[in-house]
Amino acid sequence: MSAVPSDRANHRPGIRIDPSGRGVLRLHGDWTLRLLTPQIRAIRQHLRTAPPDARWVLDEVTRLDSFGAVLLWQAWRRAWPADLSLPDDLRALFEEIAASDRQPLPQQGLRTPADHLVLLGRAALHFRDHVLDFVRLFGGIVLDFLHLLRTPQDWPLREISANVFKVGVRAMPVAALVGFLIGVALSYLSALQLRAYGADVFIVNILGLGIIRELGPVLVSVLVAGRSGSAMTAQLGVMRVTEEIDALAAMGVSRSLRLVLPKVIALSIAMPLLVLWTSAMALFGGMVSASLQLGLTYGFFIETLPGVVPLANLYIALSKGFVFGLLIALIACHFGLRVKPNTESLSANTTASVVSAITIVILVDAIFAIATRTIGVPF
Amino acid sequence: MSTPIVDLQGIVTRFGDLLVHDGLELKVERGDIVSLIGGSGSGKTTLLRHLIGLTAPVSGTVMMFGEPLLSGAQHEQRARRRRFGVLFQQGALFSALNVSQNIAFPLRELRVASQAEIDALVLRKLAMVELEPAHALLMPSELSGGMIKRVALARALALEPELLLLDEPTAGLDPDLSLSFVELIRSLHRRLHLTIVLVTHDIDTLMALSTKVAVLADRKIVSCAPVEETIALDHPFVSRFFKAVIDRRRIAPVAGVQD
Ligand SMILES: Nc1ncnc2c1ncn2[C@@H]1O[C@H](COP(=O)(O)OP(=O)(O)OP(=O)(O)O)[C@@H](O)[C@H]1O
Ligand SMILES: [Mg+2]
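Here the protein sequences line up with chains A and B, keeping their order. The first sequence finishes on residue 379 if you use our numbering, and the numbering steps up by one all the way, no holes. The second sequence finishes on residue 259 if you use our numbering, and the numbering steps up by one all the way, no holes.
Hints are supplied without guarantee of correctness; some may be wrong.
Here are the in silico distance ranges between beta carbons for each label pair [unchecked claim]: (1) A:Gly14 to B:Ser144: 26 to 32 Å; (2) A:Ala185 to B:Pro106: 17 to 23 Å; (3) A:Ala79 to B:Asp22: 56 to 62 Å; (4) A:Leu84 to B:Arg111: 26 to 32 Å; (5) B:Ser144 to A:Asp83: 45 to 51 Å.
Okay, the calculated bits of chain A under chain B, using three or more residues with CB under 8 Å as the criterion [as the list claims (entries may be wrong)]: (6) 31-39; (7) 68-76; (8) 291-297; (9) 334-343.
The hints are simulated quantities; they were obtained by calculation from the structure and are not laboratory data. Treat the numbers as computed from the prediction; the structure is a model and nothing was measured. Backbone N, C-alpha and C define an ideal beta-carbon position, used for all residues, glycine too.
So here's chain B without its partners, still in its complex pose:
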């Protein structure tokens, strides 16, 4: 087995008196799509921020691509960060830049691609997230919620990342849009050989995407397993979370009879 893409070892996080994570362990293998679930306030966003390197745990190590995230010289750390893309919950698009400038921004910063190449790449990314070239000149404030997510995803993909971190990718989208966004992520995963870690509350997103579900409860990852195994798990949070699914399965045959 190759080295895991993400390897969290003994993570402890504390905000004042509040202990959020206590000796948390998580491994994500290459090619996995891991959904992180947990109650509100259980520390999912905080964990994602550790992965991005925005915050550091009180103790424990965050290993990314087989190396500690915050090790090595400045330029090594920067190169490591370029290997993953992040989709923030609110999109976090640069409000002063238009869509194409937003997508081109990380490429410009890298100073590797020429202007013509950047334009071609922006076109490619726009097509990847199923936006029209005509949208390139819109400002973020002129976009709908679903479009913001798409542009943010295109920007996250700009540096051809191996790992994608998504914070609530489908929150705030209507079921139809959220379904097509899930489809989009799935096809990108297939074609670009991405590894994906996502935080979600949405059970449909989770069922459709995950190869594994990591359950954050009692300040630890209590289980990291495929969906079917997770549903069968005997844990109060898990049974409450999947109650809807289990109920729906029970109702399903009845609905079939009525049809």
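For reference, chain A alone in the conformation it holds in the complex:
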């Protein structure tokens, strides 16, 4: 590595094999990553065909970097060749490579069957951790709530209102669009069947009950879990990554009071309202479609609706909205606080947050269906 030439274009690395047939390899040029890259295949080919007892002559090598040295070292099967002519200034680099080669690079271990058992056990413990953490989070929220009842001046009102705006008001356009289209589709499909039986007027019963009691709350939950739940998880996660949560703790600010509680309260308030809004839009879509397809007038639809859908259904829908909102926010915060400071964990937890929220909402919806099976059904 003596004088550094300024123009490297004509320092292409290469190997000349002595014509004498005694297996003498003469290396020349710059053996650097940059110049080796374009012709790496040809070089490797040459190196592979070298006989084990070849004589290696490196006197004409103008430059050598650690990639070039490693390439040769591997070609020598990680040992000094018996017959080697090496200038002193290059020898140091090879000696360093040889030295660091003595300790292997630690690798992540491969899995054995026993490890799978361990993994299974770990998964079970992991699940238990989740449950315990979740209960702890919920308990913390309840305690915070009691604390706030006693000290009303601590209410994080500003955060709550900001969150209601973010998760509620901002979600209205997309909720309206989705609700309306679902209403249209549902009404269209039902109308096809009902007309076959001449039972046109029952479209109001089907849409009214189906949308208000079942579809509205679940639809909004899926939407909100994807939209706001993921956002909450990601926000808390990034705050963890950037140590903002630690900074809050250092200032003596309770993270559950300042970060978790406002989100939970906001979503618990916003969800029932969103359910109302989306169900109304879906009914509106159904009404438009029914009037186009079955010729039912808007007036008839609106007058019949209160008669065929008992008021209890609305209360069920609103309480579902409240419970689902609470669950989505709690789950989102739970996973957000579990994010470890790396991007992989952030993405895994965000996915887990959305998937768990939707699954649990549907599970709880089934429980609701069983628990309220005698309430609000007109027959």
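Assemble chain B with the ligands onto chain A, guided by the hints.
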């Protein structure tokens, strides 16, 4: 004289109404270690980002290795970028990869080295930055500040660069660690024939490393000269920056007497 490694010509940078650089010129010759100093907000990081090609100046040209940085076909630009390594201020390690995967990443992307060669090279780089092979499996979040800098330096060296760009290499390190990091960079410079451009606020780093100091003030490089000449310069920023050094020299004999 050979063509300069870095040649900035008439750089103008503007963020909205804020004029950061106005006709800035800078040349860096092969083998130099140039420290870039300047007041806070004077546009040092911005200049470094121009060199890396993350941002482009409003006007002027950034010449690297004798060619405009952003010229030629995609693969030529990519090849040019591989000729320099960057050490970001916060390390910018990939948080989802462990230490050895971080160092191996640029090599893997190149698709030239085999797995065995990559492993050997990672070991080599770890030894170069004075880390143990046992550290290879740690995740970035498990590293101390000084180790992060070392791993980031090892990654910057992975593609055997000719030019190294360092943004505040010793910021956030204690004096002892920062001294050993400076030693490390110096020995790498000597052995790998690197050219280095660094941004620094740390006067000890600057004194220990630089062959030249570039002073960024009044939206230009007002001087690019060896340390001794820079200290003698008559410019308000320079005299304020080196005040500590000059004061220390004045105090030194007194301390000697007391000893
Ligand atoms: N993306 C951006 N948009 C708008 N203004 C910017 C942007 N990046 C930098 N600036 C402005 O350009 C100026 C130079 O910023 P730069 O980060 O280069 O300063 P610096 O010299 O590195 O300062 P320091 O020593 O504090 O790191 C600052 O006034 C900054 O506010
Ligand atoms: Mg900066």
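Comparing the hints with the structure gives:
1. For glycine 14 (chain A) paired with serine 144 (chain B), a C-beta distance near 45 Å fails the hint of 26 to 32 Å.
2. Our hint of 17 to 23 Å for alanine 185 (chain A) and proline 106 (chain B) is violated, since their Cβ atoms are close to 51 Å apart.
3. As the Cβ distance of alanine 79 (chain A) to aspartate 22 (chain B) is approximately 60 Å, the hint placing it in 56 to 62 Å holds.
4. Between leucine 84 (chain A) and arginine 111 (chain B) the beta carbons are some 30 Å apart, a value that agrees with the proposed interval 26 to 32 Å.
5. Checking the proposed 45 to 51 Å range against serine 144 (chain B) and aspartate 83 (chain A) shows it holds: the Cβ atoms sit about 47 Å from each other.
6. Under the rule that three or more residues need a Cβ within less than 8 Å of chain B, the assignment of the segment 31-39 of chain A holds, with 5 such residues.
7. Here's how the segment 68-76 of chain A fares: 4 of its residues keep a CB closer than 8 Å to some CB of chain B, so the rule of at least three is met and the hint holds.
8. Only residues whose beta carbon comes within less than 8 Å of a beta carbon in chain B count, and the segment 291-297 of chain A has 0; fewer than three means the coverage is violated.
9. Remark: the segment 334-343 of chain A is confirmed as covered by chain B, as 4 of its residues place a Cβ nearer than 8 Å to a Cβ of that chain, reaching the required three.
The earlier numbered hints that this structure contradicts are 1, 2, 8.
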